[in-house]
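All chains, full assembly: derive it from the sequences and hints.
Here are the chains, one letter per residue:
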Amino acid sequence: MNQLGFTKQVGIFFYEVIKFLCWLLPLLFLLYLALSFFLFYLFPDFPIEFSERTILSLRNFDLGVILLLMFLLTVVGIYIRQREKKIKVKLLRFKSRDELIVALVTAFFFSTFFIKSFFELKKFEAVLILFSTLFFLALLPQFVLFYSFIDLNYFKKLITDSTEIKPNLPEIKYLLMTLMQLVKKTVFELWGISFFLFIFLYSVWILKNLSSFGQYKFILIIFLAFIWFLFSYLVKAYKLIKLLRKLIRKISEKKEYLIKAIYFFCKLIKAIVIGLVVVSFIAIIVAFLAWQLNRYADYQRKLRENLTIMSVVPVKTTLAQKVKLQGYNFGWRVNKKDKLMSNYGPVLVDEWKGEELIFIVPLHWKEGKVKLWIEKNKDDIPEEKLIKSNVVTLRVLSRWDFFPEEEELRNKNLLSYLKRAVKKIRRTLFLQQPYFPEN
Amino acid sequence: MLSVFYTIFLIVAYNLTRRLQETTLFFLMLILFVSALLVNFKLFEKIVYFIRQDIKRYNIERLDLMKRLILALLWIVAVFAVRKAGGISWLFGVFDDGTLLFFIMLGFFILFKSSSTTSSLMSIVAIPYTAFFTIYKFEKTGDLFAILTFFLFTLAVFQAFKEQLFKI
Numbered sequence: 001m002n003q004l005g006f007t008k009q010v011g012i013f014f015y016e017v018i019k020f021l022c023w024l025l026p027l028l029f030l031l032y033l034a035l036s037f038f039l040f041y042l043f044p045d046f047p048i049e050f051s052e053r054t055i056l057s058l059r060n061f062d063l064g065v066i067l068l069l070m071f072l073l074t075v076v077g078i079y080i081r082q083r084e085k086k087i088k089v090k091l092l093r094f095k096s097r098d099e100l101i102v103a104l105v106t107a108f109f110f111s112t113f114f115i116k117s118f119f120e121l122k123k124f125e126a127v128l129i130l131f132s133t134l135f136f137l138a139l140l141p142q143f144v145l146f147y148s149f150i151d152l153n154y155f156k157k158l159i160t161d162s163t164e165i166k167p168n169l170p171e172i173k174y175l176l177m178t179l180m181q182l183v184k185k186t187v188f189e190l191w192g193i194s195f196f197l198f199i200f201l202y203s204v205w206i207l208k209n210l211s212s213f214g215q216y217k218f219i220l221i222i223f224l225a226f227i228w229f230l231f232s233y234l235v236k237a238y239k240l241i242k243l244l245r246k247l248i249r250k251i252s253e254k255k256e257y258l259i260k261a262i263y264f265f266c267k268l269i270k271a272i273v274i275g276l277v278v279v280s281f282i283a284i285i286v287a288f289l290a291w292q293l294n295r296y297a298d299y300q301r302k303l304r305e306n307l308t309i310m311s312v313v314p315v316k317t318t319l320a321q322k323v324k325l326q327g328y329n330f331g332w333r334v335n336k337k338d339k340l341m342s343n344y345g346p347v348l349v350d351e352w353k354g355e356e357l358i359f360i361v362p363l364h365w366k367e368g369k370v371k372l373w374i375e376k377n378k379d380d381i382p383e384e385k386l387i388k389s390n391v392v393t394l395r396v397l398s399r400w401d402f403f404p405e406e407e408e409l410r411n412k413n414l415l416s417y418l419k420r421a422v423k424k425i426r427r428t429l430f431l432q433q434p435y436f437p438e439n
Numbered sequence: 440m441l442s443v444f445y446t447i448f449l450i451v452a453y454n455l456t457r458r459l460q461e462t463t464l465f466f467l468m469l470i471l472f473v474s475a476l477l478v479n480f481k482l483f484e485k486i487v488y489f490i491r492q493d494i495k496r497y498n499i500e501r502l503d504l505m506k507r508l509i510l511a512l513l514w515i516v517a518v519f520a521v522r523k524a525g526g527i528s529w530l531f532g533v534f535d536d537g538t539l540l541f542f543i544m545l546g547f548f549i550l551f552k553s554s555s556t557t558s559s560l561m562s563i564v565a566i567p568y569t570a571f572f573t574i575y576k577f578e579k580t581g582d583l584f585a586i587l588t589f590f591l592f593t594l595a596v597f598q599a600f601k602e603q604l605f606k607i
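Chains as they are written, first to last, in this note's numbering: chain H, 1 to 439; chain V, 440 to 607.
Mixed in with the good hints there might be a few duds.
[Said to hold, decoys possible] Incomplete in silico selection of chain V near chain H, CB under 8 Å: (1) G525; (2) G546; (3) F577; (4) K579.
[Claimed, not checked] Lysine-lysine pairs mimicking BS3-like chemistry, simulated, CA-CA at most 25 Å apart: (5) K95/H <-> K481/V; (6) K523/V <-> K123/H; (7) K184/H <-> K173/H; (8) K601/V <-> K552/V; (9) K419/H <-> K366/H; (10) K336/H <-> K376/H; (11) K481/V <-> K495/V; (12) K523/V <-> K95/H; (13) K412/H <-> K424/H; (14) K388/H <-> K336/H; (15) K423/H <-> K369/H; (16) K302/H <-> K495/V; (17) K388/H <-> K376/H; (18) K353/H <-> K322/H; (19) K302/H <-> K388/H; (20) K495/V <-> K95/H; (21) K260/H <-> K246/H; (22) K353/H <-> K523/V.
It should be emphasised that the hints constitute simulated quantities derived from the structure, not laboratory data. Keep in mind that this is a model prediction, so the values were computed, not measured. For each residue, glycine too, the CB sits at the ideal point set by N, CA and C.
In structure tokens:
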């Protein structure tokens with residue numbers, strides 16, 4: 001095979017692996033998720049910590065993102081199969097009313113989950129859910145069709161290599177039986193030959209040292225004669241050479257079968273090796289992704305169990321503007337020593353909630369990066385250990401990056417209008433966030 | 440006669456494992472013991488037989504069966520995910536865990552067109568589990584299986600009504 005042919009083969013291999021993973025990964029993830037949920041609810045007295053620490057501890061947003069990724073993979077898989085004309089995309093392909101009902105409710109549940117996880121809407125939530133339900137209802141039958149069938153022809157071909165001539169099974173069976181018989185006979189005949197040699201050598205040794213046996217020499221000769229008689233009777237020594245000849249002839253007759261057997265076993269070993277390589281390659285990818293997913297979920301759980309600031313909204317602001325810190329375990333401010341700290345010392349907090357802190361950027365802060373963290377007393381007792389959150393950064397920009405200067409307000413030329421417009425956009429983007437509580 | 444001996448062996452073996460009562464392994468032992476008892480009394484075999492009969496009655500082909508299984512899997516994921524996200528509170532807000540599990544099973548019953556016999560047999564399977572979990576102080580799991588038993592029986596009754604009415 002030339003280099004171009006080899007590159008093409010490798011390309012096809014990776015294409016097939018990706019196609020296979022588009023089917024395998026979503027299905028595995030769905031199975032794993034369903035099983036984890038099911039066991040979690042079915043046996044509350046026997047919690048499976050691994051699932052609870054990993055997949056079940058994912059935030060709704062993260063779970064939504066992963067599910068969307070899996071669905072995206074499925075769509076890619078459907079596209080590939082449709083291009084290969086192995087699947088036909090048809091809207092609402094339901095054979096029975098039951099399937100339609102279950103699919104409709106499933107689509108409604110999925111859409112509710114995604115809308116609730118990704119958006120914080122009040123007014124248009126119902127409309128969005130309705131539209132996404134219809135979207136999922138159109139997708140679900142394609143998903144079901146895609147998951148219920150897998151094309152493994154390429155891997156089968158790769159392993160068995162159908163272009164070569166394969167020995168058929170009855171031939172192999174006959175060959176193996178002949179081989180077994182040959183082995184059996186050979187072992188028996190080898191035993192006969194070695195026993196013959198032993199008796200022969202023993203007899204020669206006795207005859208050589210006959211004078212040293214004294215009065216027992218006649219008994220020994222009778223004993224040897226008896227052994228020779230017994231051997232001739234049992235092993236049929238006269239047939240020995242005949243049998244050996246036959247064996248050699250048989251082996252030469254079965255030469256063709258022997259070659260076939262060697263060929264068959266070589267092919268078998270080759271198929272096993274290729275199969276193992278393919279399976280290991282896919283298993284490594286799946287295991288790596290599962291490991292990363294579980295690691296991420298575990299990391300998320302640890303964040304949720306500790307005092308953690310997850311986000312600063314907005315990340316860029318200016319003096320005298322409201323800033324919101326979001327995270328976990330802020331608790332209620334029951335201890336006076338609980339405070340929000342910065343490079344410039346403690347910060348006055350306007351609202352302190354379980355998962356949210358709101359403060360106004362003090363006027364004495366300078367432009368540049370400001371580090372923020374929370375210091376909290378454990379168990380609300382002043383003597384207890386002080387716990388600190390992670391440090392986040394807030395970027396304080398100049399007030400004139402957001403608001404027009406006096407000169408810009410005074411001038412009525414195009415440039416000043418443009419500058420004011422840019423600052424207006426900046427204010428809208430960074431400062432006037434719609435979720436700030438109104439005073 | 441053989442099943443009687445097996446039952447005796449099972450009970451003897453189980454009584455030995457009761458020494459592990461304080462460990463989490465005991466929970467698994469209990470599940471295994473009850474499952475083995477039910478296998479011994481051929482209850483699982485009968486359920487499988489009736490499920491096959493249901494499938495045969497409605498001529499569900501193999502590929503169609505696979506599709507329904509996949510749809511059932513998606514149904515499980517959708518129900519649990521939406522419950523996790525706190526969506527559809529008017530429905531899931533009033534569900535306890537047992538009712539939620541029954542709701543999950545309902546998807547399977549609809550998709551695989553279960554008959555009243557299958558449902559009632561499944562509720563019969565749930566009874567010994569309820570009993571053993573309650574006896575050995577696995578209160579939450581015991582309650583869960585009790586709720587499941589109740590719902591499965593109720594479903595079986597409704598299905599029987601339907602079968603009588605429409606002469607299925």
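Right, here's what the structure says about each hint:
1. G525: OK, holds: G525/V within 8 Å of chain H, min 7 Å.
2. G546: holds, 6 Å
3. F577: holds, 4 Å
4. K579: holds, 4 Å
5. K95/H <-> K481/V: violated, 34 Å
6. K523/V <-> K123/H: holds, 22 Å
7. K184/H <-> K173/H: Holds - the C-alpha atoms of K173/H and K184/H are around 16 Å apart, at most 25 Å.
8. K601/V <-> K552/V: Since the Cα atoms of K601/V and K552/V sit roughly 12 Å apart, the hinted pair holds (cutoff 25 Å).
9. K419/H <-> K366/H: holds, 23 Å
10. K336/H <-> K376/H: holds, 9 Å
11. K481/V <-> K495/V: Satisfied, since the Cα-Cα distance of roughly 21 Å is no more than 25 Å.
12. K523/V <-> K95/H: At roughly 31 Å apart (the allowed maximum being 25 Å), K95/H and K523/V break the hint.
13. K412/H <-> K424/H: Satisfied, since the Cα-Cα distance of roughly 16 Å is no more than 25 Å.
14. K388/H <-> K336/H: Measuring from Cα to Cα gives roughly 15 Å; hence the hint holds.
15. K423/H <-> K369/H: holds, 21 Å
16. K302/H <-> K495/V: Cα-Cα ~51 Å, so violated.
17. K388/H <-> K376/H: holds, 6 Å
18. K353/H <-> K322/H: Given that 25 Å is the threshold and the Cα spacing comes to 15 Å, the pair holds.
19. K302/H <-> K388/H: Since the Cα atoms of K302/H and K388/H sit roughly 15 Å apart, the hinted pair holds (cutoff 25 Å).
20. K495/V <-> K95/H: holds, 16 Å
21. K260/H <-> K246/H: holds, 22 Å
22. K353/H <-> K523/V: Distance ~23 Å between K353/H and K523/V Cα, so the pair holds.
When the structure is compared with the earlier hints, violations turn up for hints 5, 12 and 16 and for no others.
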